[in-house]
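Protein chains: 2
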Amino acid sequence: MPTKHDHKKGMGTSFKRTPQRLAILAYLDGNTSHPSADDIYRAVSKKYHSMSFATVYNTLNTLAKAGTIRELTIDPVRKRFDPDVSRHHHLMCVHCGKIVDITEGLTVDLPKELAQDFEVLGSHIEFHGHCAQCKKKRKAS
Amino acid sequence: MPTKHDHKKGMGTSFKRTPQRLAILAYLDGNTSHPSADDIYRAVSKKYHSMSFATVYNTLNTLAKAGTIRELTIDPVRKRFDPDVSRHHHLMCVHCGKIVDITEGLTVDLPKELAQDFEVLGSHIEFHGHCAQCKKKRKAS
DNA sequence: ATAAATGCAAAGCATTTGCAGTAAA
DNA sequence: TTTACTGCAAATGCTTTGCATTTAT
Numbered sequence: 087m088p089t090k091h092d093h094k095k096g097m098g099t100s101f102k103r104t105p106q107r108l109a110i111l112a113y114l115d116g117n118t119s120h121p122s123a124d125d126i127y128r129a130v131s132k133k134y135h136s137m138s139f140a141t142v143y144n145t146l147n148t149l150a151k152a153g154t155i156r157e158l159t160i161d162p163v164r165k166r167f168d169p170d171v172s173r174h175h176h177l178m179c180v181h182c183g184k185i186v187d188i189t190e191g192l193t194v195d196l197p198k199e200l201a202q203d204f205e206v207l208g209s210h211i212e213f214h215g216h217c218a219q220c221k222k223k224r225k226a227s
Numbered sequence: 087m088p089t090k091h092d093h094k095k096g097m098g099t100s101f102k103r104t105p106q107r108l109a110i111l112a113y114l115d116g117n118t119s120h121p122s123a124d125d126i127y128r129a130v131s132k133k134y135h136s137m138s139f140a141t142v143y144n145t146l147n148t149l150a151k152a153g154t155i156r157e158l159t160i161d162p163v164r165k166r167f168d169p170d171v172s173r174h175h176h177l178m179c180v181h182c183g184k185i186v187d188i189t190e191g192l193t194v195d196l197p198k199e200l201a202q203d204f205e206v207l208g209s210h211i212e213f214h215g216h217c218a219q220c221k222k223k224r225k226a227s
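Here the protein sequences come in this chain order: R and B.
Sequential numbering of the first sequence, starting at 87, is according to my numbering.
Sequential numbering of the second sequence, starting at 87, is according to my numbering.
Do not take every clue at face value.
One copy or any two copies: either way a pair holds, since identical chains are not told apart in the list.
[What the hints assert, rightly or not] Restricting the straight-line Cα-Cα distance to at most 27 Å, the calculated cross-link-like pairs of lysine-lysine (DSS-like) are:
no.: 1; residue 1: K165; residue 2: K151
no.: 2; residue 1: K184; residue 2: K132
no.: 3; residue 1: K132; residue 2: K102
no.: 4; residue 1: K151; residue 2: K221
Simulated from the structure, these hints should not be mistaken for laboratory data.
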C-alpha cells in the first residue's frame, strides 16, 4: 500500500535500448548512404528476423525528434535518413538516387529583412544532377 | 485559345490547351503561395466542377517535365509547385507550412572536386523555421 | 511494477494508372 | 480523323496507427 503519493508523470522521456533500436543505430552509425526507411528495414531484418516496419518508422521518428539523426527531404519519393547531424549539405543523382555529402565551404545566410521576422531552425543546400556513373550510362545509350 | 506563352514541346507530342489546363495555368500564373496539388485541385474545382485529381496531377507533371513549373521537395508531406522557374530559393515555416521566396543574393557553387564528376542540373537552398505569426502564437500559448 | 516498445495488420494520405468516353488539333 | 486528355475508380507506395503482447528499466 503506497502511503506516499509518488506518481511520476509518464511524460515519455526515457529511451529504451531495445535490441531492435540498437540494431538500427548500429546500422546507421557512420553510414553515409542516406538510406530510406525501407533500406534500413531490409538491412536490419537480416539480423532481426522479426523486425517490423512500424518499429523502424517509430524508431526513426523518435531519433529524428531527439536530434540524433536527420530526416532528408531531398528525395521526392521517400524520406532519407542521415546519422550525421553536423551542418552539411547534399547532392543527389536524379537517375540512381545516390546522395552524397557536401561538407566543405558552403555557407548561407538568410537576407536580413527576412532574418528579422523568421526564426531559422536549419538550412540545407541541395544539388540535383547526374553522377559520374549515370552520366556515362546515358551517353552510352 | 491563344495564350501569351508559346510552349515548345519537342518529343513529337503536342500540348493540348484544354480548359482544365488553362484554368490550372491561370491559377498558377503569378501565384507565390507554392500550392500543393490538393490546393490547386480545390481552387480550380470552384470554376471547373468536373475537375479530377488525375487531371491536376497529369497536368502538373507535364508542366514540370516541360520546365514550365517547378516541383518543390521542401515540404516533407507533399509536393509543392512553383510557377516561378527562375533561380531562387525558399524558406518554409515548419509550423504552418507557409513557403516564402528568397530571390536575393544567395549563390552556391559545388566544390570543384565534385563538380568534375557530377553534372549539376539544379540547386536549391532551403531554410526551415518559424514565421513571424507562428513565433507569436507559440509565445502566447 | 509499469511505462514504453514491439509486431501485426489495417488504415491513411499522396500520387499514379488503366481504361472508356470525350474533345482538341 | 487522329491523337491526346479527361474523369472515374482502383491501385500503388510510403508512412502511420490501434491494439494486444512483450520487454526494458
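Tell me, please, which holds for K165 and K151 at an alpha-carbon limit of 27 Å: within, between, both or neither? both (14 Å within a copy, 22 Å between copies)
Within, between, both or neither, where K132 and K102 count as close if Cα-Cα is 27 Å or less: within (22 Å within a copy, 51 Å between copies)
Could you place K184 and K132 in one of the four classes (within, between, both, neither) given a Cα distance threshold of 27 Å? within (22 Å within a copy, 41 Å between copies)
Please sort K151 with K221 into within, between, both or neither, judging by C-alpha distance up to 27 Å. between (37 Å within a copy, 19 Å between copies)
Checked against the numbered hints given earlier, this structure breaks none of them.
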